[in-house]
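Taken in sequence, the protein lines are chains A and Z.
Under the working numbering, the first residue of the first sequence is numbered 233, with each subsequent residue one higher.
Under the working numbering, the first residue of the second sequence is numbered 233, with each subsequent residue one higher.
Hints in this document: simulated from the structure, not taken from any laboratory.
The reader is advised that the hints may include incorrect statements.
Restricting the straight-line Cα-Cα distance to at most 30 Å, the calculated cross-link-like pairs of lysine-lysine (DSS-like) are [stated by the list, open to error]:
no., chain 1, residue 1, chain 2, residue 2
1, A, Lys514, Z, Lys252
2, A, Lys514, Z, Lys514
3, Z, Lys513, A, Lys513
4, Z, Lys536, A, Lys601
5, A, Lys514, Z, Lys362
6, Z, Lys513, A, Lys364
7, Z, Lys550, A, Lys514
8, A, Lys618, Z, Lys514
9, Z, Lys617, A, Lys364
10, A, Lys514, Z, Lys513
11, Z, Lys514, A, Lys264
12, Z, Lys655, A, Lys601
13, Z, Lys655, Z, Lys617
14, A, Lys513, Z, Lys618
15, Z, Lys536, Z, Lys259
16, Z, Lys259, A, Lys514
17, A, Lys514, Z, Lys536
18, Z, Lys514, A, Lys617
19, A, Lys364, Z, Lys550
20, A, Lys264, Z, Lys513
21, Z, Lys259, A, Lys362
22, A, Lys513, Z, Lys264
23, A, Lys594, Z, Lys514
24, Z, Lys550, Z, Lys536
25, Z, Lys513, A, Lys617
26, Z, Lys513, Z, Lys362
One-sided excerpt, in silico: chain A residues whose CB lies under 10 Å from chain Z [claimed, not checked]:
no., residue
27, Ser273
28, Glu280
29, Asp282
30, Phe283
31, Phe293
32, Ser295
33, Ala297
34, Tyr304
35, Tyr340
36, Gly353
37, Ile378
38, Leu515
Quick reminder that beta carbons are idealized off the backbone N, C-alpha and C, glycines included.
Number of protein chains: 2
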Amino acid sequence: MKKYSEMSKEELEKELQTLKGAYEDAKGKGLKLNMARGLPSEEQLDMEADFFNTLNPQSDFFSEAGIDCRNYGELTGIHEARQLMADMMEVSPEEIIVFGNSSLNIMYDTVARSMMFGVLGSTPWCRLDKVKFLCPVPGYDRHFAITEQFGIEMINIPLGEDGPDMDMVEEYVNNDPAVKGIWCVPKYSNPTGVTYSDETVRRFANLKPAAEDFRIYWDNAYTIHHLYNGKEDKLLEILSECKKAGNPNLVWKFCSTSKVTFPGSGIAALSASEENLQYVKKLITIQTIGYDKLNQLRHVRYFKNIEGMHEHMKKHAKIIRPKFDLVIKRLGEELDGLDVGTWTDPNGGYFVSFNSLEGCAKRIVGLCKEAGVTLTGAGATYPYKKDPTDSNIRIAPTFPPINELAQALDIFTLCVKLASVEKLLG
Amino acid sequence: MKKYSEMSKEELEKELQTLKGAYEDAKGKGLKLNMARGLPSEEQLDMEADFFNTLNPQSDFFSEAGIDCRNYGELTGIHEARQLMADMMEVSPEEIIVFGNSSLNIMYDTVARSMMFGVLGSTPWCRLDKVKFLCPVPGYDRHFAITEQFGIEMINIPLGEDGPDMDMVEEYVNNDPAVKGIWCVPKYSNPTGVTYSDETVRRFANLKPAAEDFRIYWDNAYTIHHLYNGKEDKLLEILSECKKAGNPNLVWKFCSTSKVTFPGSGIAALSASEENLQYVKKLITIQTIGYDKLNQLRHVRYFKNIEGMHEHMKKHAKIIRPKFDLVIKRLGEELDGLDVGTWTDPNGGYFVSFNSLEGCAKRIVGLCKEAGVTLTGAGATYPYKKDPTDSNIRIAPTFPPINELAQALDIFTLCVKLASVEKLLG
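Only chain A is shown next, with the shape it has when bound in the complex (with noise of 0.2 Å):
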């Protein structure tokens, strides 16, 4: 197929009435098919049956040093569990507390409490001017909600291969004090499915903030959801990077076990040097009594040890990573050589990334919800919903079973190609 760039007005009239009868056809299905969010699917949960037998009435409730997890007490998690979180997070336990259900409520409670509190006796945000945040792009629409809820000034930095462009990362943060943070999601980076090298993480930790209360937002979101294609992702554990590095106050991590058993039903876990966690526990032992450590006590009995938890991803890996891959070869087959978008390959996470020709994915993604597919909206992945070239579209392929991601597909590839010739045709 020739490339449509190179094609005459001709020929693209041509191609766009072929592509709009096609285009009619589809949306004379009737289909309703969802690639929005990074959802497990059905076939993953209910794996996870044996679950719902790890607490029974037979069972003792009891953590390893005694504690009733039936009972009020143990603000930061039972043992057991800061141990299976600090083992998934590559820390120690005496960094960790479990929290709730949600890694997302976690990160927005710490920006919550720098607003409201300030960060180890600076200022409360809420009490400055102005308050900003790095956010690389493409990224995690929910993290730019929080700082955007709370009027925070949010600045794009471009994520490449290997990270954020670290040299504009260094030039804000080391020189602005307004610059509070920075978001991140460093392995198999959501929607990218870049993991940040070596190299950016160490300069990551070795940044000097002209603002104390400046931390980095280390969303490892994906920290063990590998596709186990034989080319799994490594991440430098930043925490003890930023301890070498003399700035062990530097990092917030977050992490849960949304999709490891259940979103909405598992645990997650902050991470951070003592001196953080003890602002924090000073903090929260006024906001609660405690977490639900029953669910805690489910997590460390279920998987025993990390070791269980990787085995189960591997299981999770079988039936995510045939709809990887047929995401993979249907973009090839029908857009290969047709210059008209490219994509990540990535080895891990829940996202491909695709980038259409400029000023065409909101085309796209309103094409394909006509015709029944539902994607995360265009604009999503950045600040403000503004893509600046309208280019970037988030494509979740874990929720459908197989066969409905075939047709979302189809229906997908078809909108690329429809769009981008009515772009070429100006």
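Keeping the supplied structure of chain A fixed, place chain Z upon it in accordance with the hints.
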């Protein structure tokens, strides 16, 4: 026995020697007993074993509306969980958001939201010079800790048999725009056990606050926690009274199953007008993707409906009531006629409130501690931990097994006598 206040100095000296001897004997026993917090006992928790079979590997995990409770979604809770909490809180499901495991966390976040974002368009409290809360006393220490953490000025309001002194409440609320809230435990109040009268509730509902963002913080923690002694208290439902009075937005209601199923592993809910809830929903949709729906499902399937919950609470009462009976019996046997204190005899809740002679509470709690009996800290039932007369002590009899409770009460009554004699001797 003669009243201590009518004893001569010589009689008191003699009594002091006797008590001191008994106290030294008691200390020698090396006891370690705890009446500090309102915790269910292990015996109570053991009763819930079947809860752990509610969801098992053979269960289906879909809500009545077909929501997969193992996946993301349903921010405000599955319908049947909203219905259950609505029945518990005597409102409609549309007036409910089901949150996570802790009503205290909902209260904290409700105050935090007001600090950061104001309420329904009002100025965020963090931008105001002064924010005040009314605090009926004695009250719940964790309420006061929240407002203290936010730097909110707390004003003591005497709590009588019918509820807070409503003349004072009206005076403050209707005239001072800095007064933004009042903490209430309206039924089986913590610690005094009183239930607000119908007139009190109606006067609350008819407040005409000077501040548009004034709210009543109605922590109905013990709504179904009767002792089933044949004298159940009734509380008028406040949200409907507020609606009747044309003030639908006046109240936040809080509730949880922490002392119905498991502290830390229950479900908690917020009830308010639809306008208030819309405001909350708009903010929490950024804070989290959703709360633990599997735990909602467990609760719904375990209880089936509110009648199931009431039946369940009757079983709890069979364990708890004898403990309260023992407290009342032993206080009467040891202290009646001595004129050294008064105490409550509630029909529900988790506490007995004891008032010693003025200036004796700290001494009593200290003496108890030295003899191995931990009580809630003296002063804890007042804002800033300052009991102006140093006389209120909260007794939490639910946690210890009944034989340990008996031992603890021996020590407690002994320490009351000892501190009282010391005080009278000057």
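Status of the hints after comparison with the structure:
1. A:Lys514 to Z:Lys252: violated, 39 Å
2. A:Lys514 to Z:Lys514: holds, 28 Å
3. Z:Lys513 to A:Lys513: Distance of about 27 Å is within 30 Å: holds.
4. Z:Lys536 to A:Lys601: Outside the cut-off at roughly 40 Å; violated.
5. A:Lys514 to Z:Lys362: holds, 24 Å
6. Z:Lys513 to A:Lys364: Measuring from Cα to Cα gives roughly 26 Å; hence the hint holds.
7. Z:Lys550 to A:Lys514: violated, 38 Å
8. A:Lys618 to Z:Lys514: This hinted pair holds, its Cα atoms lying about 21 Å apart.
9. Z:Lys617 to A:Lys364: violated, 39 Å
10. A:Lys514 to Z:Lys513: Within the cut-off at roughly 27 Å; holds.
11. Z:Lys514 to A:Lys264: Given pair lysine 514 of chain Z, lysine 264 of chain A holds - Cα atoms ~27 Å apart, limit 30 Å.
12. Z:Lys655 to A:Lys601: violated, 79 Å
13. Z:Lys655 to Z:Lys617: Between lysine 655 of chain Z and lysine 617 of chain Z the Cα gap is close to 22 Å, so the pair holds against 30 Å.
14. A:Lys513 to Z:Lys618: holds, 24 Å
15. Z:Lys536 to Z:Lys259: With Cα atoms ~49 Å apart, lysine 536 of chain Z and lysine 259 of chain Z exceed 30 Å; violated.
16. Z:Lys259 to A:Lys514: violated, 34 Å
17. A:Lys514 to Z:Lys536: violated, 39 Å
18. Z:Lys514 to A:Lys617: Holds - the C-alpha atoms of lysine 617 of chain A and lysine 514 of chain Z are around 17 Å apart, at most 30 Å.
19. A:Lys364 to Z:Lys550: Since the Cα atoms of lysine 364 of chain A and lysine 550 of chain Z sit roughly 57 Å apart, the hinted pair is violated (cutoff 30 Å).
20. A:Lys264 to Z:Lys513: Roughly 27 Å separates the two Cα atoms, so the pair holds.
21. Z:Lys259 to A:Lys362: Violated, at roughly 59 Å.
22. A:Lys513 to Z:Lys264: holds, 27 Å
23. A:Lys594 to Z:Lys514: At roughly 25 Å apart (the allowed maximum being 30 Å), lysine 514 of chain Z and lysine 594 of chain A satisfy the hint.
24. Z:Lys550 to Z:Lys536: The hint holds at about 21 Å.
25. Z:Lys513 to A:Lys617: Distance of about 20 Å is within 30 Å: holds.
26. Z:Lys513 to Z:Lys362: holds, 27 Å
27. Ser273: holds, 9 Å
28. Glu280: holds, 7 Å
29. Asp282: Check passed: Cβ of aspartate 282 of chain A comes within 6 Å of chain Z, closer than 10 Å.
30. Phe283: holds, 8 Å
31. Phe293: For phenylalanine 293 of chain A, the interface hint holds, since the closest Cβ of chain Z sits about 8 Å away, which is under 10 Å.
32. Ser295: violated, 12 Å
33. Ala297: Where the cut-off is 10 Å and the nearest Cβ of chain Z is about 16 Å from alanine 297 of chain A, the hint is violated.
34. Tyr304: holds, 4 Å
35. Tyr340: OK, holds: tyrosine 340 of chain A within 10 Å of chain Z, min 4 Å.
36. Gly353: violated, 15 Å
37. Ile378: holds, 6 Å
38. Leu515: holds, 7 Å
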